[in-house]
Structure formats: structure tokens, C-alpha cells
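So the chains spell out like this:
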Amino acid sequence: MIYIGHRRECFFDNYLIDEKKTTAEARLHHPVPREVVLNCDKPWETRGLTYENFFFDSQLKKYRMYYLAREALTDLVMSEKIRVAYAESEDGCRWMKPSLGLFEYKGSKDNNIVFDREAEIDNFFVFYDENPTCPPEERYKALVYTETKDKRQTLRYFASADGFSFNDMYELPLFGAFDSLNTALWDKNTEKYYVYYRTYHNKNTPEIVQDRVLAPEDIRDIRVATSENFRDFCVHGCINFGEESDIPLYTNCVSSYPFAPHIFVGFPSRYVNRGTWSVSYEALCTKEGRLKRIKENARLGLALTDCIFMTSRDGVNFKRYNEAFMTPGAEYDGNWIYGDCYPARGFILTDPEKSGKGVDKELSMLCHDRERYGGNLRLRRYTIRRDGFVSRHAGGEEKLLVTKPFVFEGERLTVNLSTSAFGYAIFKLETADGTLCTESVEYFGDATDKPIAFRDPVVLFSGKEVVLTVRLLDADLYAIKFE
Amino acid sequence: MICIGNKRECFFDNYLIDEEKTTAEARLHRPVAREVVLNCDKPWETRGIAYENFFYDEEIGKYRLYYLGREALTESLRGEQIRVCYAESEDGLSWTKPDLGICAFKGSNATNIILDEKTAPFYDNFMVFKDENPACPPEKRYKGIGDHQHTLTCFFSADGLHFKVGDLITDRGSFDSLNTAFYDKEIGKYRVYFRGLHEPGDDEGKSPFDQTPLALPWQKKEQFIRDIRYMESDDFVNFTEQKRIRMTGDDVQVYTNCISPYPFAPHLLVGFPTRYFYRQQWSAAYDSLCTNKDRVRVAREHPRYGLALTDCVFMISRDGVNFKRYNEAFMRPGAEYDGNWCYGDCYPARGFIVSDPEKGGEGVDKELSILCHERERYGGNLRLRRYTIRRDGFVSRHAGEEEKILVTKPFVFEGEALTVNLSTSAFGYAIFKLETADGKLCTESVEYFGDATDKPIAFRNPAVLFSGKEVILTVRLLDADFYSFKFI
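For the record, the sequence lines run as chains A and B. For reference, each letter of the first sequence is one residue, going 1395 to 1877 in the working numbering. For reference, each letter of the second sequence is one residue, going 3 to 490 in the working numbering.
It is worth saying that the hints were derived from the structure and are not from the lab. Take the hints with a grain of salt, since some may be wrong.
[Stated by the list, open to error] Okay, derived cross-link-like pairs now, DSSO-like style, lysine-lysine, Cα gap no bigger than 30 angstroms in a straight line:
(1) A:K1681 to B:K435
(2) B:K326 to A:K1751
(3) A:K1582 to A:K1858
(4) B:K9 to B:K326
[As the list claims (entries may be wrong)] Residues of chain B clear of chain A, computed beta-carbon distances all greater than 10 angstroms:
(5) D15
(6) I104
(7) D161
(8) L170
(9) L291
(10) T312
(11) P359
(12) G441
The beta-carbon is built from N, C-alpha and C at its ideal position, and this holds for glycine as well.
Isolated chain B, as found in the complex:
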């Protein structure tokens, strides 16, 4: 029996849905491109910015962003030295790069660099989280993980700025894109997701790194399929054996995972892996694609640099290991211009910002902003752009011009009132009904319309009468999207 208590349940998966009776389709929504919020305009980052990750730090009342910075040596050649840079923002929209005085660049300490080749020889990526484990000592409150000399290594900090190299997490993997780690309050454990590889057709979760740790040459890597590995830990010192996460659908290549607990329903783990697709052969389709000249240039270095393309998909898990992955892209490279449709599109930054919608006024509900850089290979300096999407808005149950129905499996809630994340047109509606598991009507609502993330729904009989009992929620929808519900 499903007990949802007073948790918010989003329709990212069909955990709660009786698919046999439900006719409202699961509709994936895509984020809307908004303004550029950060340019890599400092000399030490002109060929940055990459593997951005951020979180909101309540103690200082700011979003804190970490990203890699690289110099441009020539237009197409970037420096080998990778530095970790830092930016902060009160609203997630205007970001500043403070002069931290931690690492020098060309003799000056006035930089936003927090780690460089002197403090920690870096290979590829660095992700920071604030440890919410009550047992965490203050000097390790901020934890970083990074690809450090081809191993996944942890870093510690008391302030989120000054990091010290800690212990090895694992050397069995291919860590050269953003790995993620966090403390999951729901289970009281740390979860770590990192990049791995497996042989095509392998279903055992074996890894070529089981026998040969440390870096494989890329030629060898190309024989394998990029995947996502998982470990958990009680103390961030001892970790379980690694497992390959399981995703629905075909065994496609995925890069960075961007997994985090969904802030508004933290029992749900959401991820935004980048899908890597290498067509291998030049065709007329590349002839008609943007950035053609640059593509030919980088394809000379290696064909895949020019031919491979990336987009981003959405996935969701309730146990951290088994994920439902949508095969329809969550982010597409978008309208062709001289800087996209490259190997490097659609690597969203890990993190969510809560922001005001463009069209709004007093009383409007916040929406989510996510960040993603663009122009990874061509078209000029990289820049970080804001995208917006409705809160809980990755997937809805949708009805267009015909009435559709959503029927849940039987579940037990605790609470006095129902609130829903609902959007209808003026003409559309949602009508809510609670029934017992054997189909007897408990109570129902009038026709609701409107557009709010926490709309209170009044039933003819108070919902509290059915709290703690097994019920089925049935919703009739017309010209409406239903995103989530929560008993409070």
C-alpha cells in the first residue's frame, strides 16, 4: 500500500498512477531560454565555463556557484590548466565574481579562483555541496568532489571557499565529467553519482575499471558505453560497492548526471543527464547544419569532436538506483546559430533557482530557473544562460481539447486539505474526486480553474475525514495540466 503522508507527489513518474484507467497523457515540458546571467570574461576563464554547480546557502543568504575556468590560448586552443572559479548571487539572476585573494593569476590575487594547479592539481571537474548531515563537523560542512589525478577525490571546507584535499572516494571509473554527491536527508546517507563505462550489451554492471583503475586512453573508451555509477555512504569515508544505475529505455550513452533530490519533493531524485550521440559518418544532414566550418576543423582533430552531438534528458528515481528516463529531450540544442549543435550543448548546471516569472505581479507563484552554458566549441566565449520552467513542471498529466481522466492507485494520506499544482485555460477545468479503494464516492469538488502551484481544493466533505484511510483520487481534466498534489 502506498502511503504518501503529507508529501508532495509530482507526476514525474507513474508511481501513483493507475495507468489502465488514466487517459491523461504524461507530457514532458521543456525549459524556456531566458537571458545570459554570467559571461566568462576574466582572462583565466575565457575558455571556461564548464561543469557549473550551485546551491543556495541559507547561512549567507546567497546562491553559490562553482565552475571550471580555462584560458584561451588561441581561438580554438584552450589552456591545459583548469581552475575552479566561484560566483555568488542573491537572486540567482545577477551574479558577481568576488575578488577572493585565494589563488593568483599572472601575479594578481584579485581573482575568483578557489583552486588551481598549485593548490590541487586538477583534471576535470569539481562539484560542491553543503553537508546537511547533523553529524558533520563544521570544518567539513562544505564538501567538494572532483576528478583529481584520474580518481574521484573529496575536498573539505569550513566556508565553501578554502578547500583542502581529502581522501580518495574511488579510482574505479571515468570521472571526466561532473560527478555529483549529496547528503540525502530522506535516508540519512550520502549518495555519490559518477561517470563510468560498460561494454555494449553488458547487463551485469561490470566496468572496464574493475581490473584496470585509472585513466583509459580515449580510443579505448570509445569501445564502451558511457554510463552513470552509484555508491552510498553513511559517513562519506566508507562507500558501498559501485553499481550502475538502471534507466528505462535503450542503453544510450549519457554524460553528466545532474542528480539531486527535487527540492519541493525531496523523496524524488531528479536527474538531467546529457545524452551523447555520435553518428560517426558525415552526411548531407551535417552539410545543412550550422557551424559547418568549425565542425570540419574540430573533426580533423578527431571525427567525434565534430560529429558527436549532445542534448539533455530528464530522469527520475525513488530509490536512487532505478530511474525512469524520458527518451524525448528535455533540452534541445535549439535554433541553429554559429555557436550550437556541437558536442557540448545541453549540459545544465546542477542546481535550481526559485525566481519570479516574467509575467507576474503581487501574489504570483515562483517558478524554477535552471542554468546552462552555451558555445562550448564555437561562436565565442562561453556564457551561462538562465532557463525557466514551472515549479514541479518537468512532466504534467495533460488534457487538451478532450476531457481526460487521471486515476491514482489506492494510497493513504495524512492531512486536512488538498493543494494542487494546476494550470488550466479559462475554458478548461479540473474536477477532483476521492473514492474508497473499492470505488465508493467519498467526496468531490466543484469545477476548478486557474493557474497556481499550491491551489487549495475544497471538497464537499472535508478531506480530513478520509485522512489515514485508503483512497483513490480521480481527476477529470479539460484543457489543463496537472503537475503535483499535496495534502497539508
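Chain A on its own, in the form it takes in the complex:
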């Protein structure tokens, strides 16, 4: 029996859906590109910014972002030296780069460099540890890829009391390649830390490849390990996609979904190397730059990346959508490259473009792109409806959504619903054996927490097993929540 209590249930997966009776299709939605919110215009970051990650710090009332900064040596060559830069924002739309005074760059500490070490690093990820037992000096935890002197790839843990000064703690006891953004979170529900990290495996076996460099036939993958104390880890291996095909995936961008934290969401980048040049590349943008990179290394010019959406209820078994969540988009002289669609990890709550008093917030996400091939990177905002990654959709014909039997606790139902003026959603609660409990009138409108009134008070059915049936026309239903 499924117990949802008063949790928000999103339709990212079919956990709650009776697929045999449901005719409303699961529709994936795509984020809409908006304005550029950050340019890498400082000399120490002209070839930045990458592996951006941010979170809202409720103590500081600010979004805090960490990203890699690199200098440009020539148009196509960037410095080996990687620093970590910092930016902050009150609304997630206007970002500032404060002068931190921590590290020297060309004789001055007037910069936003927040981390600078001798050892080579590749990515730097920070999260705010909400574990109540976390000591204050470790409240901000950073995962940092470092290479040891004997060229071993390791994931090191750095801790900070303020998110500015980080102390080297220890190497995480994990084996992997780690050379794209690794992530971690503390999950309130299981009271465990989850770490998602990159490595790769042989095409025919999920074993980690440890003793040699990546071979063309190796598959980039995402591993997960859990821990109660962030010191001792239980390694679960590759995240599990069930019967899905074994395709290369880069950065995972996994987090607890803020509006339904029992659900894990991820936005891994899909890596596609077609291996050989074809007339399709001839007709693709950035041809000159592509040919230059191919001379360096064929895959740097041929490989392309996009981003998909995945979701999990246990952090290990994921449903993956094989339709892209973000695509490189309309061709211009800076996209369709190995490096498109690596979204920053984090969500921002923002007002929609078309709005006024009383409007519901939407989600903004950030993703970098280039002003031109080989040009400076810039961080762009994208928007999507709250809970809006996947809906159950009905177009011009009425469709039905039927849930499995579940038990809720609460006095009323609220839904995240969008209809046209003509469209509707009609809600019905039944017992598990199909006896009508109560139903609603025809609802229409567009709100993320729309209260639905039933003919009989919903509280009568609280704590009992029910089935929710929704008739939908020209509508998208995104989430339900009893409260």
C-alpha cells in the first residue's frame, strides 16, 4: 500500500499511476532560455565558468554559487591552472562577484577567488549540510577532485564554517574518475548522505575501470554511495536505470527536489560520440572550430552533449527520460559542441515573465553557453514551471489519470494544474474497490497550489485507502498534495 501522507506527489515517475487505466500521457517539458545572468569577464575566468553549483543559504538570505575559473591563453587554449570563483545573489537573477580578499591573482586580492590550491583540481561542489548533528565548522561541505602526486584521481572533502574558507579534511574512500561535477546531499528522510560521482566502466561489465585511462569503448557513468557520517561510505555502484540502454552520462546534477524532498531529481548530460565525420557535420554550425578541435583529438570535435531528466525514490534506482530535457538549441556559432547542456546544480524561485499580483513562482535553472565558438562563457537563466519537468497531459481529447490505491492524511487537496479556458480537470475519489467517495466540479485555471473542493469534505477519507481519478481535457496536471 502506498502511503503519501501530506507529501506533494509529482508525476515525474509512475509511482502513483495505474498505467493500465491511465490514458493521459506523461509529457516531458523543456526549460525556456531567458537572459544571461553572469558573464565571465574577469581576467582569471575568461575561459570559465564551468561546473557551476549553487544553493540558497537561508542564514545569509542569498543564493551562493561556486564555479571554476580559468584564464584564456589563446582563443582555443585555456590555462591548466583552475581556480574556484564565487558569486552571490539575492534573487538568483542578478549576481554579484564580491571581492573576497582571500587569494592573490597577479599581485592583488581584489577578486572573487574562493579556492586556489597547488594541486590540480577539476571540479568543486559545495552543499549546506542540514544534518542537525553536523558540527558548525563543517556546515559547508565541498567535494573537490584532486590528483595526487602519483597521478591518482581522488575526491577530497573540504569543510568550512562560512562557505568562504575551506579546510582540507580527508579523501573520500571512493574509487572513480571524478573528472566532472560530483555532487552530495544530506537526505532528511533517510538521514543519510548521498554522493554521486563520475567514473566509467567497460562496455560489457559494470566494474569500475581503475588501472588505465579511458578507452573509447568505455562508458561514462554515475555512481552512488551513501553514508551516515560522511566518512564511512556504502558504495551502491552505478545508479540503476533498469532495462534502459547503457549510454554514456556525464555530470549528474542530482538533488532532492525542493518541493517534494522525498523525490530525487537529476539532470545528467548525455555524451554522444558518433565517431566519424559525415555530411550532417557539414551542415552543422561551428564547422571551422569543430575541425580545429578534431585535429587536436577527434572526439573533441565530433562528440555532442545534451541533457536529460531522471528521477528516483531511493536515490539508487532511477527512471530516466530518453527524450532530451535540454537540447543544444538553435544553431549559432557557439553551440552544438562537446560542452552544451551542462546545467548548474541548483534551483531558483522566480516570478514568471508574464505576471502580476498573486502569481505563483516558477523555477529558474542556470546553464552556461558560449557567445561564440572558443569565446567567453556566460551563464544563462532558463525557466520552467514549478514541478513542471513532467506532466500528465491531455490535448483536444479527454484523457484519464487513475492512481494506484494510496492513503493520504489531510483536510483538502491542492493541485498543480494548468488548463486552457476551454479545458478542465474533474477530480474523483473512490475506494480501492471502485465505490465513489466524492467528486469535484469541473476545474480550470493555472496555479501550482490550486485548492480543489469536493462535494463531501476530503477529511472524511483521510487515512483510508483511496484511488484518485482525474478527467483531463486540454490540461496538464503536475502534482497533487493533501494538506
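Using the hints provided, position chain B relative to the given structure of chain A.
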């Protein structure tokens, strides 16, 4: 046999599609709300702006916009006087309201008003088009049509600013929302679309105005279904008998038609009628809808002002009379706030702007912008907002995570190369194949990926070998949207 020559064929309808063999679904796309481009901030238009219509005038290198302006007398009461106002823009994004000196407001000529109660007593709407008929005399190059004393009347102008009242077009109809007219180069005739009414269940195309021209009281109108009427003309003087346009689907009420030839495939007529839906009874659904207080206030005037809601659908025709209409909304009122979900949402302005996408750079393809006002009844002054959509992007043939196939009916093209409007993910693809009508392979392409509106597709054998012969185009699609194709 279908001959497409070198015309662009969009997948707005299934004219070219072999539906039995095609598994790629027709997916309707919706425009994305962008910034506000025009506010009605002049005293003579604070309760405007309505029935906006615009076109690009190549002679002056500008978009020219016409709209109605009304004063606000109180917060909820607007002035009876309707004026026609004018704005112009080089890019369709920043608009200016020039001081034309044509019509005065409260003693000053510094206004953008081109018609008012002194120059032409107006009732409801005014639409302007530039006449591309080579036989059109220069003094009538710009033509307006409007609801003038409950008749549809034409207006003429040499410059698009100074209009004179012309002849009656028809008095049989209900003209009180934006009627449209244009010269259709494809057929060498003028087409006029205007509002009408019919009895529920009537399939004959009869109109209550056949016997009783001029205005019906609105109480009487409510017994009828709002529809769209059509006439054509060789000279814009003599018009054919009116017909009701035929739309697929149920007989739902539609307002303004917004019909125009689609600029990138002018043999296709596209329309964006506003769907009017009056639920008649207050229910708990209205309780949980935004603008509740204002809704109750206007519902006291008449229930339908508060209860009726509007959205906008997309429709497409190849003959100007028979339209395929999508029942899924093209524009929804959108996220509730204190100014929407009213009778007056989703009346797009007639016209298209070609603009640069938000995310882009050198070499990026243009997209379409359309304009639509908001806050018709509540929430403050009206404002005109820009929306964007891909060129040819109203409907695509779509494949998600499973490979789908698009198969055309047999057709004949003329040209040397194929270009397509295609969007894929990095992982997705489109593979093109030309076959003879009896299924023999002519030639095929490699796996294509990318995102461009005019992507050239190379076949193993040049496409020109099959020009003028009957062929079938088959496209295998994965994680891709295919919008249109064109042989050039």
C-alpha cells in the same frame, strides 16, 4: 497527384502525410511569453489597447501597428469613444508612438490617433493591410476595414496614416471584433473574414443577419453561436456571397479570426481564433480562480462578463474556407495573477515579426514573434506583450524517446536540393529517404542532427535526379521535431 514544386510545406495539417504509415505524432507548440513591448500610457488609450494589427511595410522599413485606444473614465468604466491609434517599430520589439498631428485630443494635436469620432464615427475595430495587388491605385494602397455604424466598411489611404471612409463591404454580420482582409497573391483575389452568428445545430451556413441586417441586441446574440464568415473579391468593390468557414471539431464559439497567409508558405492560410467559453454557472472552480473580486463585480453587470473565459486556438486552411482547427489551445490564459483568466485573454494581434532568439549568436536562424495584449478587464492598464515561437513552429511531427516515422503521400517536387526545418537533441536524429510511389528506394541521407530552419540535406544521389517525378519522402525521427521542408 500532389505537386509541391518548390513551395515550403509545413506540417500544420496532414495534407502531405500518409497517416496510415506515419507514427510521428502531430505536436502543437505554444508561444513563449516574453517582455512587454507597448504600454497604453497615453490619456486617450489608458483603457485601450485592443484589436491590434500590424504588418511590415518594406517601403518605409518599419512594422506599422494599428490599435484601438479608449480612455478610462473610472477604474472600471471606459469611455465610449473609440479611437484608432498608430505605433511603429523597426524591429518589432521597440515601438514608438509618433505625434502625427492628425487627430486632436483635449485640444492637442500631438497624438498618435489616426481616426476618431470626428473623422469617422467608429464602433469597434479597425484592421489595415497594404494592398499588394499590382492593379491597386496608389491612393488606395493601404486599406482599412472596420465596424462602422454596424456595417463592415472599407477605408482607403495612400500613406497608411490618413484614411478616408470608402464603401460598404457588407451589413450582414456581427462585426464587433477584429475582422480581417488581405490580398492573396496566390489566387489574385481579396479575402475578407468577419464575425457572424448562427443558430446552434445549423449546418447550412444561414445567418440571423440574412433577414435583419444591422445590430442585434446582445441578449439576442447570446442565442446564437459566434462564427467566422468569408467573402472574396477581385476588386475589393464587388464581393461574393458570404459563407461560413468550416472548421473541424465541435461547433464551438470563436471570436476574432486573425487569419493571414503564412508568410513563409503563403499558400497556407493560418488563423488564431479566440475561443469563447461561457460556463454560465458560478462554481467552486471560480472560487479558486484569480481575480475573484473583480469577476464578481463585472458579473453583476452581466454574468457572462465575469463567467466567460477565452483562449486561442490554431487553425489552417489551403482553400480559405475549410479549416483544420486544433482543439488544444495554442495560447492559454497562463499562470493566474490579478489580471488574467478573464473574458478578453488570448486575443493575439494579427501579424508576425521576425526576430532573433534569446539564446543565439552569429548565424542563428530567426524566430517568429507574435503580440498579444493582457489585462483586458482587470489588473491595470492594458499592455502588449511579445511571445516567441519557432519559424514554422506551430505544429511539428514529433518523436520522443522511441523512433517514429513520417511518410508522405506521393508528391512531385521541382528543385535541386532539400532543406528542412528540423530540431533534434544531440542524441536524436532524422534520416531522410526518397522512394518512388511504388516503394522503390531512390536515395537516402545519413543521420542528421542539429537545429536549423533551413538545414540542407544531402542525399547519396542528388535530389535533382528525382525532380519532376512522383516520390514519397520517408523520415525516421528520434528525439526530434520536424517542422517543414522545401526543395530549392
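Tested hints:
| no. | hint | result |
| --- | --- | --- |
| 1 | A:K1681 to B:K435 | holds, 25 angstroms |
| 2 | B:K326 to A:K1751 | violated, 37 angstroms |
| 3 | A:K1582 to A:K1858 | holds, 26 angstroms |
| 4 | B:K9 to B:K326 | holds, 20 angstroms |
| 5 | D15 | holds, 14 angstroms |
| 6 | I104 | holds, 33 angstroms |
| 7 | D161 | holds, 35 angstroms |
| 8 | L170 | holds, 34 angstroms |
| 9 | L291 | violated, 5 angstroms |
| 10 | T312 | violated, 5 angstroms |
| 11 | P359 | violated, 5 angstroms |
| 12 | G441 | holds, 25 angstroms |
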